[in-house]
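Each chain is listed here by its residues.
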Amino acid sequence: MTAPPLARLGTRPRIVDYLRSMWERREFATAIPRAELQAQHRNTVLGSLWHLLDPFIQVAVYWLVFAKILGVTRGVDNIVGFLAIGVFMWHFTTKAVKSGAKSITSNEGLVRAISFPRAILPLTAVLAEFFAFGFAMVAMFVAVLITGEVPGWTWLLIVPLVGIQLVFNLGFGLLFARVADHFRDILQVLPYTLRIIGYMSGVLFPIERRLRNLPELRGVMDYNPAYLFMKTARAAILDNAAPTPREWGVMAIWAVGALLVGFLFFLGREHEYGRA
Amino acid sequence: MPENTYLPPAAADLEFDRGVPTVRAEDVHVRYRVHEDTTKSLRAMLATFGRGRRPRHVHALKGVSFTAYAGEAIGVIGSNGSGKSTLMRAIAGLLPISEGVVSARSTPMLLGVGAVLNRGLSGRRNIMLGGLALGLTRDGVLAREKEIIEFAGIKDAIDRPMATYSSGMKARLQFAISAAVQPEILIIDEALSVGDKSFRKKSEQRVRQLREAAGTVFIVSHGMKSIRNTCTRVLWIEDGVLMADGDPDDVIARYNGHDPAERRSRRRAARRRRRRKARRRARQERESAPSG
Numbered sequence: 001m002t003a004p005p006l007a008r009l010g011t012r013p014r015i016v017d018y019l020r021s022m023w024e025r026r027e028f029a030t031a032i033p034r035a036e037l038q039a040q041h042r043n044t045v046l047g048s049l050w051h052l053l054d055p056f057i058q059v060a061v062y063w064l065v066f067a068k069i070l071g072v073t074r075g076v077d078n079i080v081g082f083l084a085i086g087v088f089m090w091h092f093t094t095k096a097v098k099s100g101a102k103s104i105t106s107n108e109g110l111v112r113a114i115s116f117p118r119a120i121l122p123l124t125a126v127l128a129e130f131f132a133f134g135f136a137m138v139a140m141f142v143a144v145l146i147t148g149e150v151p152g153w154t155w156l157l158i159v160p161l162v163g164i165q166l167v168f169n170l171g172f173g174l175l176f177a178r179v180a181d182h183f184r185d186i187l188q189v190l191p192y193t194l195r196i197i198g199y200m201s202g203v204l205f206p207i208e209r210r211l212r213n214l215p216e217l218r219g220v221m222d223y224n225p226a227y228l229f230m231k232t233a234r235a236a237i238l239d240n241a242a243p244t245p246r247e248w249g250v251m252a253i254w255a256v257g258a259l260l261v262g263f264l265f266f267l268g269r270e271h272e273y274g275r276a
Numbered sequence: 001m002p003e004n005t006y007l008p009p010a011a012a013d014l015e016f017d018r019g020v021p022t023v024r025a026e027d028v029h030v031r032y033r034v035h036e037d038t039t040k041s042l043r044a045m046l047a048t049f050g051r052g053r054r055p056r057h058v059h060a061l062k063g064v065s066f067t068a069y070a071g072e073a074i075g076v077i078g079s080n081g082s083g084k085s086t087l088m089r090a091i092a093g094l095l096p097i098s099e100g101v102v103s104a105r106s107t108p109m110l111l112g113v114g115a116v117l118n119r120g121l122s123g124r125r126n127i128m129l130g131g132l133a134l135g136l137t138r139d140g141v142l143a144r145e146k147e148i149i150e151f152a153g154i155k156d157a158i159d160r161p162m163a164t165y166s167s168g169m170k171a172r173l174q175f176a177i178s179a180a181v182q183p184e185i186l187i188i189d190e191a192l193s194v195g196d197k198s199f200r201k202k203s204e205q206r207v208r209q210l211r212e213a214a215g216t217v218f219i220v221s222h223g224m225k226s227i228r229n230t231c232t233r234v235l236w237i238e239d240g241v242l243m244a245d246g247d248p249d250d251v252i253a254r255y256n257g258h259d260p261a262e263r264r265s266r267r268r269a270a271r272r273r274r275r276r277k278a279r280r281r282a283r284q285e286r287e288s289a290p291s292g
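Order-wise, the sequence lines are chains A and B.
For the first sequence, our numbering assigns the number 1 to the initial residue and increments by one for each residue that follows.
For the second sequence, our numbering assigns the number 1 to the initial residue and increments by one for each residue that follows.
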């Protein structure tokens with residue numbers, strides 16, 4: 001073995017090298033969320049089944065509260081389907097961004113003890129939420145079928161739509177991971193901020209009608225990713241309508257932009273994580 | 001000088017070249033800011049809002065330089081808070097340095113796998129988790145699993161959750177996982193003192209093996225005996241400054257001469273020895289008196 005020269009440690013990595021080292025550590029990356037998942041429901045009787053049951057119970061609660069008790073069906077044909085799609089699609093983003101944001105601070109011990117590309121942590125946190133979202137999808141489609149929707153080819157569009165949203169989530173997960181490491185208070189503010197964005201983007205009711213008298217805000221909605229994610233998914237499943245090219249474009253730009261900005265921003269602090 | 005932050009972890013079971021430099025620290029400074037938490041109540045916090053948490057600058061390492069070579073086991077000694085662990089974390093790339101350069105042939109591995117292990121999972125699953133964390137592949141961990149379990153001396157308990165382990169068992173498992181990886185550069189921070197006597201012997205043996213395979217091992221310890229047993233060289237750090245670097249016996253002697261507590265205890269020991277000697281002489285005189 002010829003002696004490789006000494007290489008300087010702690011320098012800013014080249015992006016290609018960084019991505020390669022992330023790829024080399026992929027087995028480790030998948031082992032962390034798996035271990036957490038295994039340990040999480042260890043002491044419950046139903047164990048991992050809870051991951052599947054949880055979204056079903058949520059849908060049942062919406063059905064009970066909105067369709068049966070409150071009877072809110074004004075202007076919405078399928079309130080349960082409307083809510084299930086809206087809530088699960090929006091939770092897909094909020095849960096991913098929240099656990100991405102926490103990924104560095106809650107793994108501080110790991111960061112302080114072992115060197116690995118730090119972006120692995122937000123990445124796996126967001127991916128873990130993606131797999132959990134798989135269960136929510138099952139519940140979502142069951143709810144939609146029970147309430148009498150007929151499958152059409154536009155249902156397949158949910159795959160690219162979720163893909164775009166995943167990229168978007170990743171970007172914001174990375175972004176907030178760095179912010180939270182530096183400024184931990186953000187973790188307290190983030191849930192409420194996301195909830196307000198959700199309400200304002202029509203997670204629980206059709207926001208369009210509320211904005212009928214505010215045309216200038218109506219224009220803003222066409223660029224609001226949260227609104228578009230929910231709207232396009234609802235249209236594809238409930239109305240068998242495909243998104244317009246413009247909607248595809250706006251969502252894709254948001255997603256790619258978020259990932260680029262989030263990743264580069266995250267990388268800027270690579271060697272400082274876990275320092276405090 | 002190629003600049004690559006994430007050097008691949010050294011492949012296992014590999015003979016390293018003896019005598020070549022493996023880690024070099026050049027004038028390494030570490031400074032950081034800490035927020036002193038002086039506020040006591042919410043009211044006090046509100047009263048001093050924005051002014052209560054005054055940052056304080058800590059200069060933890062003040063220009064440390066050394067070069068480590070393949071085949072060396074280097075003991076790192078110094079009083080509590082002297083900067084030993086800071087230096088180790090700085091050369092492992094886990095702590096940003098403020099000034100100076102650290103370069104290495106492969107990323108030095110700090111024996112800190114404990115942070116990854118999950119209390120809720122069995123010892124066996126934790127071996128997988130820890131092994132992957134230290135850069136092994138899934139197959140690599142499986143291939144070493146038996147050896148790790150044996151080394152840790154954990155038999156049936158290996159399939160029980162780690163939450164049920166005694167602290168000695170946990171520490172042994174941790175050491176066994178890290179030692180199985182056989183990194184080119186290994187840093188052991190206060191780990192040789194864990195476990196019982198036979199395990200301590202076994203781990204000292206493992207350190208010697210690693211060193212003989214011409215890797216470089218750093219050992220931070222307050223146990224001068226285990227340092228003497230395993231190390232070929234000793235660095236003495238005090239208050240962020242490298243005080244001495246060289247032969248273990250010389251450096252330890254200087255360190256002992258410096259440390260006030262150590263000096264006190266040695267003086268006490270000397271006094272005890274003198275007293276014992278005096279008592280023995282008195283007894284001998286008493287015993288020899290009737291006959292003589």
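Since the hints were derived computationally from the structure, they do not count as laboratory data.
Where is the CB? At the ideal position from N, CA and C, for every residue including glycine.
A hint or two may mislead.
Stated by the list, open to error - With beta-carbon atoms standing in for the labels, derived distance ranges:
1. B/R208 / A/T30: 31 to 39 Å
2. B/T67 / A/Q188: 42 to 50 Å
3. B/L142 / A/E247: 27 to 35 Å
4. B/D159 / A/A241: 29 to 37 Å
5. A/W23 / B/K155: 31 to 39 Å
6. B/P21 / A/V138: 53 to 61 Å
7. A/R14 / B/D27: 21 to 29 Å
8. B/Y32 / A/M137: 55 to 63 Å
9. A/I196 / B/S167: 40 to 48 Å
10. A/A60 / B/S167: 41 to 49 Å
11. B/D27 / A/R246: 56 to 64 Å
12. A/L260 / B/S167: 42 to 50 Å
13. A/F56 / B/A213: 49 to 57 Å
14. A/L19 / B/Y32: 39 to 47 Å
Claimed, not checked - If the Cβ cut is set under 10 Å, some of the chain B residues that face chain A in the computed set are:
15. V58
16. T107
17. P108
18. M109
19. L129
20. L136
21. T137
22. G246
As the list claims (entries may be wrong) - Residues of chain A clear of chain B, computed beta-carbon distances all greater than 12 Å:
23. F28
24. V65
25. L110
26. V250
27. L260
28. Y273
Would you say the C-beta atoms of B/D159 and A/A241 sit inside 29 to 37 Å of each other?
For A/A241 against B/D159, whose Cβ atoms are near 54 Å apart, the range 29 to 37 Å is violated.
Does B/T107 hold up as a contact with chain A if the rule is Cβ-Cβ below 10 Å?
Result: holds, 6 Å to nearest chain A Cβ.
When the least beta-carbon distance from B/P108 to chain A is tested against 10 Å, hint result:
holds, 8 Å
Between A/R14 and B/D27, does the beta-carbon spacing fit 21 to 29 Å?
With a Cβ separation near 26 Å, A/R14 and B/D27 satisfy 21 to 29 Å, so the hint holds.
Taking the shortest Cβ-to-Cβ distance between A/V250 and chain B, state whether it exceeds 12 Å.
holds, 36 Å
Could you see if the CB distance from B/R208 to A/T30 stays within 31 to 39 Å?
holds, 36 Å
If we take the beta carbon of A/Y273, is the closest beta carbon in chain B still more than 12 Å away?
violated, 10 Å
Beta-carbon spacing of B/P21 to A/V138 - inside the hinted bounds 53 to 61 Å or not:
holds, 57 Å
Closer than 10 Å between Cβ atoms is the bar; does B/M109 clear it against chain A? Give me holds or violated.
holds, 8 Å
Beyond 12 Å from chain B, beta-carbon-wise, is A/L260?
Consistent with the label, A/L260 stays out of reach of chain B, its closest Cβ about 21 Å off (over 12 Å).
Can we trust that A/L110 is non-interface, i.e. its beta-carbon lies farther than 12 Å from all of chain B?
violated, 5 Å
Status of A/V65, Cβ more than 12 Å from any chain B Cβ:
holds, 35 Å
Checked against the numbered hints given earlier, the structure breaks hints 3, 4, 8, 14, 15, 22, 23, 25, 28 and satisfies all the rest.
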